[in-house]
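Trainee: Chains W and U are the protein sequences, given in the same order.
First residue of the first sequence: 1, per this note's numbering; consecutive thereafter.
First residue of the second sequence: 1, per this note's numbering; consecutive thereafter.
Check the hints yourself; a few may be wrong.
[Claimed, not checked] Which bits of chain U does chain W cover? Going by a derived footprint, with three or more residues having C-beta under 8 Å, they are:
(1) 111 to 123
(2) 170 to 179
(3) 186 to 199
(4) 371 to 383
[Claimed, not checked] So the derived list for chain U, only partly shown, Cβ under 10 Å to chain W, looks like this:
(5) Leu56
(6) Leu208
(7) Gly269
Hint data in this document are derived by calculation from the structure and do not stem from the laboratory.
All of these numbers come straight from a predicted model, not from anything done at the bench.
Glycine residues also receive a C-beta, built at the ideal position from the N, C-alpha and C atoms.
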Amino acid sequence: MPDCAAVGLPAPVFVLSGYDAFLGFLLIAAAVPVLALVTNKLLSPTSRSGERDLTYESGMEPIGGAWIQFNIRYYMFALVFVIFDVETVFLYPWAVAFHRLGLLAFIEALVFISILLVALAYAWRKGALEWS
Amino acid sequence: MLTAPASAMAAALQAPALVTPGLDLEASFTDVLQGFGLSPAAAHLVWLPLPMLLVLVGAVVGVLVTVWLERKISAAVQQRIGPEYAGALGILQPLADGLKLLWKEDVIPARADGLLFTLGPVLVVVPVILSWLVVPFGQHLLISNVGVGIFLWISLSSIQPIGLLMAGYASNNKYSLLGGLRAAAQSISYEIPLALAVLAVVMMSNSLSTVDIVDQQNGAGILTWNIWRQPVGFVIFWICALAECERLPFDLPEAEEELVAGYQTEYAGMKFALFYLGSYINLVLSALLVSVLYLGGWGFPIPVEWLAGALGQSADAPLVQVITASVGIVMTVLKAYLLVFFAILLRWTVPRVRIDQLLDLGWKFLLPIALVNLLVTAGLKLAFPAFFGG
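Chain W extracted, bound-state conformation:
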């Protein structure tokens, strides 16, 4: 990686500071459920009886399991989601740097978003956004 000052570039905008706190807070946040579950294990009574371990099905004996093949109607939504989620991630650096980029960046983003709006219209027309 070249030295920015030597090459005459401005210093990098993203400074990786404060992420040691992220790691620390990750450990503390992860300790919360672990502590809660361990305390629960120590304090709670344990008794085993056959009936109780059945899955709930409105008071009836469960008929079959839930791990079966069936039509997940959300599949098309998941596909469209991937497209637009990636789009949003692409737009983040654009938005942060927009004040330095000016009109050209606006027109470029306009074209980019227009293409995606056409894609949304296409998905809409094709019925990918219909429930059923």
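Let chain W serve as the given structure and place chain U on it in line with the hints.
Mentor: For chain U alone, kept in the frame of chain W given last:
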């Protein structure tokens, strides 16, 4: 008449010097420790866990208060009394409920997948707690002012549906599976308009950092809050936040009448409590972020610097700084709880939407509006840079 305050507002927006450095507890604390002969790195290490534990305790207390408010306000809406025996006005009721759950037996259904069944609630609650990293209560009163700021929250919030899906699938229960699928579909549908609404705010602040986002709004008090410049974004964000928190009218994943309790059906004891904790922490977090993004965060409606100036005090005086910081914390929490109050009232005001209505609202209404809102913000920023963050 109109131009004078407008130009003053524009000048205030462009003058970052007006924002005072504010109380910096970390610097003071590490200075004291270094006075005892600790190295700067060691002093930093001693400091690190303190704000985290404070925020964690604050978040849990916030959840207890929210649960109590929810029960009391719900009762008031329905002309009941609500909890009244545990503590004054029943304020200790949520604590009693939590402790009761701690003593409850943890039942794992015989046909469930034990590992995923346990991992589900953990994956739901950890990212939500972790998101409090970027919630600012003052200029330096947050755990860490990381550069990616608000983006960290958006990325963390997309981990949650994995935990919900995991819980729903692992239960091997039909209700749970359907609830888990609904939760995932709902979550991904509303994540994109949410991220796009945040994007418009980010564009006005030229930064992802939550501290910069608040600083940018507090040039002239309530007049420069983002809600006036981003009214559409505010509404989009609030609707999406409610949907992400699975609050009514969007509580389809656990619609009692059709799915018993959705993905929570098989859960008991502490694992159920973790889901419960996660959903309420998420609600408080969302309300806090609305106040940070649109309602000026820790800012007082009249800039504290102006008030200090009118009273003949310097904004840098130690006492003024302590008062400013306290007012900032109170303002952040007050704004957030105002929104929590609205969320609770909404729960008893509007009926639950159907799943097709939910998906239509997300994909065919909020998504196009959010994209247009972003483009309009970009256009306005080009046309009136003084009013939209330069």
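Trainee: Now tell me if each hint is right for this structure.
Mentor: Do the hints match the structure? See the list:
1. 111 to 123: holds (count 5)
2. 170 to 179: holds (count 7)
3. 186 to 199: Coverage by chain W holds here, the residue count being 7 at a Cβ distance below 8 Å.
4. 371 to 383: holds (count 7)
5. Leu56: 6 Å, holds
6. Leu208: 6 Å, holds
7. Gly269: 5 Å, holds
Comparing the model with each numbered hint stated earlier shows that all of them hold.
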